Structure formats: C-alpha cells, structure tokens
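Kindly produce the complete structure, drawing on both the sequences and the hints.
Protein chains: 2
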Amino acid sequence: MGEIVFVGLGLNDEMGMTLRGLEEAKSADTVFIELYTSVLPAFSFEHLEELAGKKISVVSRKDLEDDCGRVVLSAGRLGKAVLIVPGDPLIATTHVALRVEAHRNGIETRIVHGASALSAIIGLSGLHNYKFGKTVTIPFKENFSETPYNVIAQNRTLGLHTLCLLDLKTDEKRFLTVKEALKMLGEIENKKKQGIVLNDTIAVGLARAGSKAPSLKAESIGELLKFDFGEPPMTLIFPGQLHFMEAEALIAFAGAPTKLRSMTT
Amino acid sequence: MGEIVFVGLGLNDEMGMTLRGLEEAKSADTVFIELYTSVLPAFSFEHLEELAGKKISVVSRKDLEDDCGRVVLSAGRLGKAVLIVPGDPLIATTHVALRVEAHRNGIETRIVHGASALSAIIGLSGLHNYKFGKTVTIPFKENFSETPYNVIAQNRTLGLHTLCLLDLKTDEKRFLTVKEALKMLGEIENKKKQGIVLNDTIAVGLARAGSKAPSLKAESIGELLKFDFGEPPMTLIFPGQLHFMEAEALIAFAGAPTKLRSMTT
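Line by line, the protein sequences are chains H and L. In terms of the working numbering, the first sequence has 158 at position 158, counting the first letter as 1, and numbering is strictly consecutive. In terms of the working numbering, the second sequence has 169 at position 169, counting the first letter as 1, and numbering is strictly consecutive.
I should point out that these hints are in silico values taken from the structure, not numbers from a laboratory. All values derive from a computational prediction rather than experimental measurement. You can take every hint at face value.
With a cut-off of at most 27 Å between alpha-carbon atoms, the simulated DSS-like pairs for lysine-lysine come out as follows: (1) H:Lys212 - L:Lys80; (2) H:Lys131 - L:Lys192; (3) H:Lys212 - L:Lys55; (4) H:Lys54 - L:Lys212; (5) H:Lys183 - H:Lys131; (6) L:Lys54 - H:Lys212.
As structure tokens, then:
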C-alpha cells in the first residue's frame with residue numbers, strides 16, 4: 001500500500017527542512033517538490049537532491065491544480081511518495097485539496113510539519129500571537145480590493161493586530177512591496193475619509209522572515225514609505241493595542257520610536 | 001563577540017529540529033534547552049545530545065523568568081550560545097523578553113525558526129488560515145474565566161474560526177482536556193442563557209498535533225464529550241462559516257458528519 005507524505009521545507013532554503021522530513025525523503029520511492037506557493041530566497045535544488053540522495057521532480061501549479069495532482073497521486077498509489085512544500089505544508093489550501101483527493105482515492109497521507117512564515121513573522125515582530133485578529137492578503141493593484149483596509153479597521157476596533165500578507169506571483173517573480181501596499185491602503189482611506197488605519201499610526205514592515213538577514217522596521221506610515229527593506233518577500237503588520245513588552249520588542253528590534261512606550265496598555 | 005541563537009525544536013521530538021538548527025547547535029560553544037513552555041511527547045534528551053555532539057543544559061522556568069535568563073546571557077556574552085525551544089522559538093513571550101534583555105546587554109541574537117503547533121493545528125484541521133480570528137487559551141478550572149467564551153462568540157459573529165489552546169502545566173504534567181474545556185464553556189453558556197457557542201454546533205477536537213498519530217474529531221458538542229482523544233496535548237477549534245473545501249477536509253480527516261456539506265457558504 002502506498003502513501004503520500006507532505007513534508008514542510010520551512011523557510012529560506014533546503015536547510016529549513018526538519019531532520020524528520022529529510023528521513024522521509026530519504027526513504028521515499030518518489031520525491032516531488034513544489035516551489036510556487038512560497039518563495040525560498042536561498043534555495044539550492046542540487047543541495048536538496050544531494051541531502052535526500054535521490055532525484056526530485058518539480059511539480060508546477062498546473063500539475064497540482066489543473067491536473068489535480070495526478071502525478072503525485074499515481075506515485076502515492078504505487079509506493080511511498082513525498083511531496084516537499086515550502087513552509088508548513090497544509091497552510092497552502094492547494095495541498096489540503098490534494099490531501100482530500102488522496103483520501104478519496106484510498107491513499108493514506110501523513111504530515112511532517114515545517115516552520116511557517118506565519119509564526120516566524122509573529123515571532124520576529126515580538127508581538128503576542130494571541131492578540132492577532134484575522135489575517136489578510138493585500139493584492140496587486142489589478143486585483144484592487146477594499147477588504148484589507150476593512151479587516152485592519154475591524155481588528156483595530158477590537159484592539160487586535162493585523163498581519164497583512166503581501167501578494168506574490170512566484171512564477172512571474174512579482175512581489176508586492178510594503179510601499180505599494182501602504183499606497184493602496186492610503187488611497188482607500190482617502191476615499192473613505194476615515195483615519196482609522198493610517199493616520200498617526202505606527203505600522204511594522206518586515207522583509208525576508210526566516211532568512212539570515214530579515215529586515216524589520218516599525219515607524220509612522222510616512223517614514224515606512226521611505227524605508228528601504230531590500231529584497232522581497234515582505235509583510236506588513238498593523239498593531240492594535242500594545243502591551244509594554246511588545247513595545248519594547250519593537251523598539252529593540254524594529255527601531256520603533258521610543259514614544260511607543262507611552263502608547264501601551 | 002558573543003551571540004544567542006534561538007533555535008526552534010519544532011514538534012513532537014528532537015527530529016522536529018531543522019537541519020539549520022542542528023548546524024547551529026553543533027557549532028555553538030554552549031547549548032541550552034528549555035522544555036517547559038510546550039510538551040514534546042516523544043522527546044529523547046540523549047538522542048538530541050548525540051545529534052548535537054555535545055552536552056546540553058536544561059534551563060527551567062526559574063532560570064529564564066525569575067532569574068531573567070542570566071545563565072544564557074552569560075554564555076551569550078562569552079561565545080556562541082544556542083537556546084533550543086520547542087515549536088517556533090519566539091511564540092512563547094518568555095523568549096521575546098529574553099531577546100530584549102540580550103539586546104539591552106549588547107548581545108546579538110539570531111532566530112532559527114521551527115514548526116509551530118499553531119500552523120500545524122490549522123493545517124491538520126484543513127481550515128483556511130486566513131479565516132481564523134483571535135486565538136484564545138482556555139484555562140484550568142481554578143483560573144476560570146469567561147473570556148474564551150466571549151472570544152469564540154465574537155469570532156462567530158464575524159464568521160471566523162476560533163483556535164482554543166488548552167492550558168497546560170508541563171512541570172506538573174497537567175493538561176486541560178477537550179472534555180473539561182467543553183464543560184467549562186457549557187457552564188458559561190448556561191449562565192448567559194445564550195446559544196451562540198455550543199448549541200447545535202460542530203467543534204473540532206485535536207490531540208497531539210505534530211506527532212505520528214494525531215487524533216482529530218469534528219462533531220456536535222454532545223458527541224465530542226464522549227470521544228476518546230487519547231493522550232494530551234489537545235486543542236479545540238470552533239469553526240465559523242465554512243468553505244466547501246473546509247467541510248470536505250473535516251469530513252475526510254476528522255470524521256465530521258456529511259451534513260456539514262449543506263452548511264457551507
């Protein structure tokens with residue numbers, strides 16, 4: 001009987017995989033990897049093949065979504081198939097769909113978790129995990145939407161932080177930047193004639209979470225628009241009410257202005 | 001110049017560490033580990049020392065919290081100190097405080113992320129990450145609080161899922177169970193004479209996320225109260241509005257009743 005093991009590759013490069021994940025890849029009959037749902041800035045395909053001691057096949061968006069993962073399902077029917085996925089493997093909804101499809105085909109599945117950008121970003125920010133509200137993705141300009149603004153405003157009203165993922169199209173090497181995201185939010189705010197999100201607000205920009213040199217800056221929107229975060233991928237956090245230890249972390253690691261101390265609860 | 005590297009151990013046992021984390025431990029002058037902020041059901045201390053090729057010192061809650069991590073700071077002043085932490089290292093607020101303290105003492109810090117129970121639980125449930133509202137911890141009976149109930153009710157109103165972490169005291173080997181948590185929520189609901197949270201509701205119980213045999217069950221509260229989840233640690237999710245793919249995942253992997261299909265949006 002075959003099986004499909006979803007193995008998280010974690011962050012940044014192939015060294016983000018767990019010891020357990022590597023064992024699974026070593027003992028697999030077939031190993032696949034997808035590299036389109038996230039970006040791994042320093043990834044070396046050759047080094048991963050060397051570590052696993054075998055050939056690894058890259059599966060594309062087309063293979064997994066249009067073709068419903070047929071190539072992975074076939075391998076999982078015949079033997080042990082490992083599918084390596086950036087981050088934690090079931091955070092991308094594509095892979096939940098593939099897992100359900102495997103189940104319908106009577107193929108067993110197992111999960112080997114990996115580090116996710118979600119917890120990495122929260123940890124690097126020093127903000128308390130349980131104070132985040134709903135997460136939102138800020139889209140590219142051609143998919144303009146007021147939803148992100150409304151989610152931030154709603155979380156704010158509840159005193160909660162908002163994690164904003166910035167859209168990316170890995171196949172086109174396109175990544176929304178902090179600057180573009182802030183400009184889009186600013187346009188919405190101007191139109192709404194509200195001042196909930198951007199006015200007199202401190203936001204946190206973060207680039208390359210999980211890499212050796214993440215870049216983190218907490219500042220007013222005006223200052224953030226000028227800040228050079230370097231290479232993508234980037235994220236943006238709009239803090240809600242701050243605990244004093246959260247403010248201290250932003251001052252220490254994100255160069256936040258010390259006036260943040262007087263804004264804590 | 002010294003430094004402190006926070007290394008995530010990930011989930012379940014020492015094999016949850018990343019390849020990068022192990023490299024950091026191997027090249028460190030001093031390696032510490034804390035094992036009280038989370039539980040690692042299958043952890044072997046001896047195997048971890050063998051993998052790292054050196055002695056590892058266990059630091060207690062007292063060392064890190066009452067003593068402000070003095071022993072780790074001292075080692076980080078003299079050379080390269082690694083502190084291994086279950087899960088993703090900065091999700092526990094204790095370690096954010098230690099990192100701030102290191103910064104104040106002029107000691108550099110770096111982070112090697114690990115798999116967090118947070119993304120593991122969300123992934124295993126098959127629910128969409130961006131549809132979770134605020135996370136809440138359900139406390140032991142002696143710390144009774146209505147907050148968890150109110151958070152679930154608030155998220156529900158917004159159509160959002162609620163991840164409920166169940167309290168644990170690893171030093172006393174005490175873990176709140178799904179059954180105890182549901183009973184506490186039921187008492188609050190009875191008192192409030194509301195039916196928002198428990199009435200006619202499907203909830204998801206999950207035990208041992210990240211282990212080889214996690215246990216997952218989506219059912220009405222009455223059925224969940226009877227379900228045997230086995231060993232802790234456990235979590236509870238109260239879903240908000242369900243997407244059809246979320247319902248399919250709960251039916252496939254959590255044995256949810258198929259009537260869930262008619263409750264999707």
